[in-house]
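Asker: In case you want the letters, here they are:
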Amino acid sequence: MNLPLVYLLIPYLIIAFFGLLMFAFNFYHIAKFGLQSPKTTYVLGLYILAFVGVIIISLSIISQYNWLDNISINGIFNIQTANKQLFL
Amino acid sequence: MIDLKNLPNQERDEVVQIFLRSHWIKLVDIFGLSFFLIALPFVLLSVGKMQGVEVTSMPLVGPLLAIFLGIYLIMITMIGMTRFTDYYLDTWIVTTERIINIEQHGLFSRVVSELHLNQIQDVTSETRGVAATFLSYGDVYIQTAGTRERFNFKGINNPDEVKEKITNLIKSDKRRHGDASRRNELSN
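Sequences listed follow chains A and B, in order. My numbering applies: residue 513 is where the first sequence begins, and numbers increase by one. My numbering applies: residue 288 is where the second sequence begins, and numbers increase by one.
Don't read these hints as lab results, they were simulated from the structure. Incorrect hints may have been included.
[Unchecked claim] Negatives, chain B to chain A, calculated, CB over 10 Å:
1) 343
2) 383
3) 423
4) 442
5) 444
6) 447
7) 451
8) 455
9) 463
[To be verified] Cut-off 27 Å, straight-line C-alpha distance, at most; resulting in silico cross-link-like pairs (DSS-like, lysine-lysine):
10) 313(B) - 544(A)
11) 544(A) - 441(B)
12) 313(B) - 441(B)
13) 292(B) - 544(A)
14) 551(A) - 461(B)
[To be verified] Covered stretches of chain A (in silico footprint by chain B; criterion: 3 or more residues with CB under 8 Å from a CB of chain B, positions within the stretch not fixed):
15) 531-537
16) 546-555
17) 574-580
Glycine is no exception: its CB is placed at the ideal position from the N, C-alpha and C atoms.
Next up, chain B with everything else stripped away, as it sits in the complex (with noise of 0.2 Å):
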């Protein structure tokens, strides 16, 4: 488990700042289409009843639709279960030193990435479409000078508050240990 106190490769004086993870909209796309997918079959069922239609009570076709009834609701809640699994694992720490990035993809890939704050040359914070702009979600993206991958926080909380959150910890680090994302961009 990740213990936010003893983080790896922790230094010293390293305190965590902020923790994030995706806002809580996507969990209601997660719930919401998973109950909406269990509910449709019994609703479909209760729909035919009332129709006076009863499949259940007929000889082969009740049995083979309890089967697939069954399947249909494990794999339901089994796919439900990952894409939370995925939106819970996915998260970004960062320190008075670093921005650890920690991305999971499905059950079996993870991507564990960061990056010192002073090698940091821009952060954006992005807000796109009306339930966004009403919810206050959004991107933040952080680029260094190389040539290296940015690191995208993807629809967090209060992107402008985290945003101006991070540059003032880059400010502090930078004044600590320099400014290496300007002698990168020198050497290069």
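Bound-form chain A, shown alone (with noise of 0.2 Å):
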């Protein structure tokens, strides 16, 4: 049996879907309850740097595979072949 590589990206679109809505609900409170100062504007500037900069870095790290590959499942727990596929 076969899967698919691509179906490993799904916890990561999870994740990363859950990381824009953490940056979206700090992004709100800063904007929110920050005090009115250059400072707080400095710092919704490094908090859009910082999201958009870690997407980058992640989707670099991520599209050096080709996700459109398939992984035997049966060969994962046939202990001959594992070590070929795993590793090798």
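Bring the two chains, given one by one in their own frames, into a single complex with the hints.
Answerer: Spelled out as structure tokens, the structure:
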């Protein structure tokens, strides 16, 4: 039985969405309850940079692989072929 | 946003005297830990590469590691951001009339309380530890006569100086409005 590698991206997308929500909550709190000063504007700018930066870095790490490949599930549970499939 | 020139329920002659946040040492903790945790997997991968272990080029381990690393980076950044928001929004405002204590607990809990200066009975500053002594940060406790919870300015810069300023403000406020802390004490 073959499992498309692309399925592994699902947890990543869920966490990235969760990260987007966390970013939005943090941004909203600073914008709503922060002190009215240029410092708060810099903080909001830094938040945008940090979030966009981390998404770009994580996407660049992930994009190094071909996610259209398949992996054999039976192969993983077969000791003889597991080493070959996982590590070689 | 909080405008120091236009506070909620501000009296006509009320002026902001002190605006406080925790000492910058807390930022070192937030940013230091985040940078360390972000750098850690890259350092481990580089060490592995130098030792000849190329985990990133293994057929299934490589993609799994990439997914894990992507998730890990997002989580560490978001935790760091939330900790910074907590730091940035924990503030204390001392005006000529009152003390406003704003505490942010995580993302979904925020406590704003205020105390009139003439209700204050005791102000205590405390500096504890080697780092706190050298970098001059510590706590200031504000106590009223009643059973109300005391205010705690946690890890602020120059606690002794802040204590002195607040004590002077209390004295001049009690001259204007009378000593409510004594009145409460006598009525109890």
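Asker: In ascending order, which of the hints set out earlier in this document are inconsistent with the structure?
Answerer: 1 and 14
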